[in-house]
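> For the protein sequence lines, the chains are U and W, in the order given. Here the first sequence is numbered in our numbering, starting from 24 and rising by one per residue. Here the second sequence is numbered in our numbering, starting from 24 and rising by one per residue.
These are calculated hints, taken from the structure and not from any lab test. Backbone N, C-alpha and C define an ideal beta-carbon position, used for all residues, glycine too. Heads up, a few of these hints could be off.
What the hints assert, rightly or not - From the structure, some residues in chain W lie toward chain U, with a derived Cβ separation under 7 Å:
{"hint": "1", "residue": "Val219"}
{"hint": "2", "residue": "Tyr378"}
{"hint": "3", "residue": "Leu413"}
Claimed, not checked - Over 10 Å on every C-beta distance to chain U, these chain W residues come out as not near it, computed from the model:
{"hint": "4", "residue": "Val60"}
{"hint": "5", "residue": "Pro239"}
{"hint": "6", "residue": "Gly316"}
{"hint": "7", "residue": "Val344"}
{"hint": "8", "residue": "Val417"}
{"hint": "9", "residue": "Ala428"}
Number of protein chains: 2
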Amino acid sequence: MSRSRLRVEWRASVSLVGTVLRYLSVPLAFPLAVALVYQRDVLVFVATIVLVVGLGFALEGLDPDPDLGPREGFLMVALTWLAVALVGTIPYLVAGDGTVAQPVNALFESMSGFTTTGATVMGDISFDTHSRAIMMWRQLTQWLGGMGIVVLAVAILPELSVGGAQLMDAEAPGPGIEKLTPRIAETARVLWLAYVGITALEVVLLYGLNVAGMAPNMTFYNAVAHGLTTMPTGGFSPEADSIGAFSAAVQWVVVPFMVVAGTNFALVWRAVNGSPGRLARDTEFRAYLGVMGVVTALLAGLLFTNGATGLDVGAFVPGDVEEALRHATFQVVSLVTTTGYATSDFAGWSEASKYVLLFTMFVGGSGGSTGGAVKIIRWVVVVKAIRRELFTTVHPEAVSPVRLAGRVVDERAIRGIFAFTLLYFVLFFVGTVFVVVDAGRTGYSIDVLEAMSATASTLGNVGPGFGSLGPFGSYLEFSPVSKLFMVFLMWVGRLEVLPVLVLFTGAYWRS
Amino acid sequence: MSRSRLRVEWRASVSLVGTVLRYLSVPLAFPLAVALVYQRDVLVFVATIVLVVGLGFALEGLDPDPDLGPREGFLMVALTWLAVALVGTIPYLVAGDGTVAQPVNALFESMSGFTTTGATVMGDISFDTHSRAIMMWRQLTQWLGGMGIVVLAVAILPELSVGGAQLMDAEAPGPGIEKLTPRIAETARVLWLAYVGITALEVVLLYGLNVAGMAPNMTFYNAVAHGLTTMPTGGFSPEADSIGAFSAAVQWVVVPFMVVAGTNFALVWRAVNGSPGRLARDTEFRAYLGVMGVVTALLAGLLFTNGATGLDVGAFVPGDVEEALRHATFQVVSLVTTTGYATSDFAGWSEASKYVLLFTMFVGGSGGSTGGAVKIIRWVVVVKAIRRELFTTVHPEAVSPVRLAGRVVDERAIRGIFAFTLLYFVLFFVGTVFVVVDAGRTGYSIDVLEAMSATASTLGNVGPGFGSLGPFGSYLEFSPVSKLFMVFLMWVGRLEVLPVLVLFTGAYWRS
Ligand SMILES: [K+]
Ligand SMILES: [K+]
Chain U
24 MSRSRLRVEW RASVSLVGTV LRYLSVPLAF PLAVALVYQR DVLVFVATIV
74 LVVGLGFALE GLDPDPDLGP REGFLMVALT WLAVALVGTI PYLVAGDGTV
124 AQPVNALFES MSGFTTTGAT VMGDISFDTH SRAIMMWRQL TQWLGGMGIV
174 VLAVAILPEL SVGGAQLMDA EAPGPGIEKL TPRIAETARV LWLAYVGITA
224 LEVVLLYGLN VAGMAPNMTF YNAVAHGLTT MPTGGFSPEA DSIGAFSAAV
274 QWVVVPFMVV AGTNFALVWR AVNGSPGRLA RDTEFRAYLG VMGVVTALLA
324 GLLFTNGATG LDVGAFVPGD VEEALRHATF QVVSLVTTTG YATSDFAGWS
374 EASKYVLLFT MFVGGSGGST GGAVKIIRWV VVVKAIRREL FTTVHPEAVS
424 PVRLAGRVVD ERAIRGIFAF TLLYFVLFFV GTVFVVVDAG RTGYSIDVLE
474 AMSATASTLG NVGPGFGSLG PFGSYLEFSP VSKLFMVFLM WVGRLEVLPV
524 LVLFTGAYWR S
Chain W
24 MSRSRLRVEW RASVSLVGTV LRYLSVPLAF PLAVALVYQR DVLVFVATIV
74 LVVGLGFALE GLDPDPDLGP REGFLMVALT WLAVALVGTI PYLVAGDGTV
124 AQPVNALFES MSGFTTTGAT VMGDISFDTH SRAIMMWRQL TQWLGGMGIV
174 VLAVAILPEL SVGGAQLMDA EAPGPGIEKL TPRIAETARV LWLAYVGITA
224 LEVVLLYGLN VAGMAPNMTF YNAVAHGLTT MPTGGFSPEA DSIGAFSAAV
274 QWVVVPFMVV AGTNFALVWR AVNGSPGRLA RDTEFRAYLG VMGVVTALLA
324 GLLFTNGATG LDVGAFVPGD VEEALRHATF QVVSLVTTTG YATSDFAGWS
374 EASKYVLLFT MFVGGSGGST GGAVKIIRWV VVVKAIRREL FTTVHPEAVS
424 PVRLAGRVVD ERAIRGIFAF TLLYFVLFFV GTVFVVVDAG RTGYSIDVLE
474 AMSATASTLG NVGPGFGSLG PFGSYLEFSP VSKLFMVFLM WVGRLEVLPV
524 LVLFTGAYWR S
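The following block holds chain U by itself, in its conformation from the complex (with noise of 0.2 Å):
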């Protein structure tokens, strides 16, 4: 394929990828302030500080003035996730330390950070092993990759009328998401201030907690870490035991955070703008809520019945109620939402609880949102065309339009959804055979509602799954190819399939 008859200015959109990379050195002087701190780690971040200007230097000398038209648009996003987590591997290389050091284990750990997926593979999640500055910028690819996704999802991929993404903000009445503020820059610059508050907010709450003397081990660092890693329903922890370690005060204040962490931000800003009415007329948030309510209602059924003993965290005996109605609640509101924070070992559970939860694992937060998996605005569009399909089944003759709060979704919009949801299916079908079967390949010994988790959850940028990939687990025991391929399941996953596929097609480089 000759350069002249490619149609793609990828020179302009890695030109951008590689101011995305220069700016990423900004973030990047946090986990430096702790390394200094604590004095352990200082020249790590400082090479990656270096190495990243560097880079960023050298690919936007590649195209000097980049002109994006959309089709740069998919090119710059896609590559931008792949590039910031190919240099996010640099800290936890350099640094040397634990499993991590591996190059593929790297990558497997930065991409999870990126992609707000949370899946480690940590083999030892502990300050011995890892300093504190390695576990802050751990926390923090996840804060920014969150970061990034609302400005994706809000401000950008609208633009490119992606797969139904057009409709993520139809359910907002009143004015669309170009009236939030007229430019998209603008946008951006109030949704992060929206990001960075609801952040601090948390990390006061979660601080204060400790000053109260309801939560001893809440420390500085970990309510700041566990800030950042909550807003973009991220899932990473520095403690092994997750929220686990922390009383039920903590596990109680950090629900409502993931709450809102997989809300859509525009209802978000408007809500705390002077219309919180409108949440309650939402559609898509009212199906958020009530998918929540119900299935935290199922679980904390068998729950209170069947308990979970013989766990190492988070056990409790049949009977309890507030013990049944917290883990429940967690759970349930962390897998919906795709943060990926346990306070019990879920994959010690009943059977009949794993597969609760591993539904759970597909509805996804709303759009708009940091959350990942399918969405629920897209199930809310599934169901509706379904009964559509039913109903002209009899009517045949009846013209039938899918309404969302009352006014008329494009037929375009509906086929987008329909056909993202149907890949998904697949890939998580193909996934899983893939993963059962390479893992039978190495001699992993794995089951398959295991493998259904692990594809499950790196597809859906959940985080854990069941068995040893559970939530105090690790993915460190699959083989290199496995490893890679969830590396791949969790960048399409989280940049919503179609604007990646579309990248290994002819007609995007050529027509």
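Position chain W with the ligands relative to chain U; hints supplied.
Chain W with the ligands only, in chain U's frame:
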């Protein structure tokens, strides 16, 4: 709900179901004749005929002059398969032999027959336990079910425009199906003749192999039995070892008949009547052969490399070209067409081979054939529609219709196909969980892969699964609850999902 508000003339539907039941007495004369010849179970079939005729007349009395609209058509179709499945249990129950004397098992076996699924709960498939007449009834239920499906798919569903079924014949260039002959009744008669003719040809060829000394155990009874269960892609065999009980020559002869059984019947009819070239030009037929060819090559490679040792039936060693090719071809054709015969105990093949086979269970035969599952034509449209979606992601302004054989496919048909395929996957997923959880509840040891095969195989009307429900095993060990659930899956799957689900909506009954 008061009767007066119902908008469906259910009496008309039930009356016509009565007519179908009454006519069922005619083919019942065949197992009666077998019973007379072998002097066993004669009274069983006399009693069945009396009951069926009586019940038929009683139901017809509900509405002596039934008049069917489309809505009554749906109800009649769904009720017919339910009614014949219920009535079909009578011989098993009255004969009282073996495991199928138990009501739930009898219903499972009967529904499996009439839906041409071929999943069995017979604990002992032998003429010691069951009379030749009862076994012939079992084969005959599949042949009758297959005839019903051909008439339904080719002559009735397209009239009702069900979820993409109108597409079924979009592929045949030249005159549409309605021009095959001017009237539905005439079309049905023509297809019935073809169905009978091809069945007879297979019986003659199979018995011919016996006469020629190439198949000592292919008795005339066996030739008829397998003739009756190939064309409906049924898969019931009176031999416990299925086609594995016969010589390689028999196995090779059965393959092309399964291929024909999975081909659009209108296309077969046209090909036989002087237009064989149409086969080569038909997109669906080419995709059908292409998929079978590629998967066979893959599986033959796996079998050639690994062999399949230690099996009771169809064991072979690595490196045997003919064995690897024959078992790969037979099994892929058997599962893609959803026939379900076996020549080797594939439940004992390597893990990789089983996953390949699991995938083939989703492909399905052609539209307008007796094959089940998703069906090739829907996959062709799904793949084209997803490619269109990728294309319009890059070119949002483009108007890009999906074409089949040069003709634009109606967007409503595409919607219907998307809805069907997604519902199919959701049913598969939910069904698998149901089966696993219910097996756990009753202490039946089954892994998730086996449960997936059970759901895919019953929903897709394939027949065998893996593990204890392998091709030479049975579904006997499932709990009654799981069995009734699978009866539902076979019924829903056979009738293309949407026409059955629509009966569970309020809009069907009242709007
Ligand atoms: K996550
Ligand atoms: K079958």
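> Would you settle whether the hint for W:Val219 is holds or violated, based on the nearest Cβ-Cβ distance to chain U being less than 7 Å?
For W:Val219, the interface hint is violated, since the closest Cβ of chain U sits about 32 Å away, which is over 7 Å.
> Grab the minimum beta-carbon distance between W:Val60 and chain U and tell me whether it stays above 10 Å.
holds, 46 Å
> If I take the minimum Cβ distance from W:Val417 to any residue of chain U, is it greater than 10 Å?
violated, 5 Å
> W:Ala428: least C-beta distance to chain U exceeds 10 Å?
holds, 21 Å
> Less than 7 Å between beta-carbons is the criterion; does W:Leu413 satisfy it with respect to chain U?
holds, 5 Å
> Are W:Tyr378 and chain U close enough, Cβ to Cβ, to be under 7 Å, as the hint says?
holds, 5 Å
> Determine whether the non-interface label on W:Gly316 survives the test: each CB of chain U must be over 10 Å from its CB.
holds, 20 Å
> Using Cβ atoms and 10 Å as the threshold, tell me whether W:Val344 really stays out of contact range of chain U.
holds, 25 Å
> Since W:Pro239 was said not to touch the interface, does its Cβ keep a gap of more than 10 Å from each Cβ of chain U?
Fine: 40 Å to the nearest Cβ keeps W:Pro239 off the interface.
Against the hints set out earlier in the document, violations occur for numbers 1, 8.
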